[in-house]
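**Student:** Chains A and B supply the protein sequences, listed in that same order. With my numbering, the residue at position 45 of the first sequence is 45, and numbering never jumps. With my numbering, the residue at position 78 of the second sequence is 78, and numbering never jumps.
Treat the hints loosely; a few may be bogus.
The list cannot tell twin chains apart, which means a pair is met if one copy fits it or any two copies do.
[Unchecked claim] Simulated crosslink set (EDC-like; lysine to aspartate or glutamate; CA at most 20 Å straight-line):
no.	residue 1	residue 2
1	Lys-155	Asp-166
2	Lys-220	Glu-112
3	Lys-210	Glu-112
4	Lys-148	Glu-160
5	Lys-210	Asp-86
6	Lys-220	Glu-151
7	Lys-42	Glu-64
8	Lys-210	Glu-104
9	Lys-70	Glu-104
Derived by calculation from the structure, the hints in this document are not laboratory data.
Take a look at the letters that make up each chain.
Number of protein chains: 2
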Amino acid sequence: MTTGTLYLIPVPLGPIAPEACLPPDTLAVARRLDTFVAERAKTARAHLKAMGHPRPMQELAIAELNEHTKTGEIVALLAPLKAGHDVGLMSEAGCPAVADPGAELVRAAHRENIPVVPLIGPSSILLALMGSGLGGQRFCFHGYLPAKEPERAQKIRELEKAARRDRATQLFIETPYRSAALLEALAATLAPDVLVSVGADLSLPSQYLKTGSAKNWRGKSDAVKDRLVVFGIGA
Amino acid sequence: MTTGTLYLIPVPLGPIAPEACLPPDTLAVARRLDTFVAERAKTARAHLKAMGHPRPMQELAIAELNEHTKTGEIVALLAPLKAGHDVGLMSEAGCPAVADPGAELVRAAHRENIPVVPLIGPSSILLALMGSGLGGQRFCFHGYLPAKEPERAQKIRELEKAARRDRATQLFIETPYRSAALLEALAATLAPDVLVSVGADLSLPSQYLKTGSAKNWRGKSDAVKDRLVVFGIGA
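Kindly produce the complete structure, drawing on both the sequences and the hints.
**Tutor:** What follows is the structure, encoded as structure tokens:
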């Protein structure tokens, strides 16, 4: 029996129209499917409605895959695919299976020889890298840095070293309520000439995107206060 | 005087219609501009024509920024921006300023406080990461590995160590004529249980995307023969 295909469906990075920021091919797949896996069913329904899905939302099957999902339950999520049904994997924002639990489903699909098709859409990490000017010949994404000192400062120094040694841009994210503190820590900890890029609300009308030397960021942390930020370091 | 904005314009990853794989917002910006910077003017003209740019191609100003461009010449490329004119930066394929010389222009723009707006579009690196199932909580992109032994095998072992130590997916690319040899080297050099993802012709009808253990890739390098491949390693 032919299996279904697992489509990886990106969604907007914030409150903007999916028709403006997603390619028609991505929208067409999302509108055609009736079975989805998402971090939260509620958010997925809102995304699918905004994408103009033609069916009533209650007719769609949306299974959840998040931090509460046990490894054994992931195999069950493959059942529709094994039965020949296409499934769409969605993230809360941006591209699925990058910094979310969806990667486990993709990995399980490969194990069962189920075709996987990643679709084109917005990624705050990639937009931050492009827009930073720090170069993407080599780069690393680290997720969140430690929240507390002295671990945070130690990690920042490690990243500066890695940026110099490997000539690789070092990327990381911070939650809105800690982003200003992290920018201050970067300005205080890094060598003055190290470049720091800051990308907030990427692809949204409120976008903030700026690259400058560590010393030039001193006293300017208000720029990112209460915003989800992708940071970059380049030496 | 108000400066112009530097837009970073992604283009398709191969011979598919821009209208299908680029969001309307990206296409709208590309069609509105008349001044561009690109690796090769000829390719840029082909992309802009395919995108449905309304002006005759000979009326567009397309400056080149590539491996022959001297650092001093990059400042000259900012002149239209400083004069208040919007400029579009394009890559040969995919997203500009990621693995191409365009990053230097973006960096120079930040130095002059010129606004930078990265637009949404396809990236083979990001699609390979999403589709690999190897997880993107932490990941590194390394560009090309050394072409010759024993340097190549040594680098492969280093990447395996990094994947285990940092629980980070390790990504790298290879040119079509060497991709089969690299897949063989990965299968022979990595521990048998290490996962290797292979992504070729991503977002194109000929897409090939598969993740399996190193031992399962043995003798299967024909799958990627003569194709540009994004590889991933996850432990």
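**Student:** Run every hint past the structure and note whether it holds.
**Tutor:** Do the hints match the structure? See the list:
1. When the C-alpha separation of Lys-155 and Asp-166 is checked against a cutoff of 20 Å, the pair qualifies both within a copy, at 16 Å, and between copies, at 13 Å.
2. In this assembly of identical chains, the alpha carbons of Lys-220 and Glu-112 lie at most 20 Å apart only when taken from different copies (18 Å versus 51 Å within one copy).
3. Only between protomers do Lys-210 and Glu-112 lie at most 20 Å apart by alpha-carbon distance; the minimum there is 11 Å, versus 44 Å within a single protomer.
4. Taking the shortest alpha-carbon separations for Lys-148 and Glu-160, only the intra-copy value of 18 Å comes in at or below 20 Å, while the best inter-copy value is 30 Å.
5. Proximity of Lys-210 to Asp-86 under the C-alpha cut-off of 20 Å is restricted to the inter-copy arrangement: shortest distance 17 Å between copies versus 41 Å within a copy.
6. For the identical chains of this complex, Lys-220 and Glu-151 are neighbours neither inside a copy (23 Å) nor across copies (44 Å), given an alpha-carbon limit of 20 Å.
7. For a Cα distance limit of 20 Å, the shortest separation of Lys-42 from Glu-64 inside one copy, 10 Å, qualifies, whereas the shortest one across copies, 47 Å, does not.
8. Taking the closest pair of Cα atoms, Lys-210 and Glu-104 come within 20 Å of each other only across two copies (14 Å); inside a single copy the shortest separation is 34 Å, beyond that limit.
9. Proximity of Lys-70 and Glu-104 under a CA criterion of 20 Å is satisfied intra-copy only: 11 Å inside one chain copy versus 45 Å between copies.
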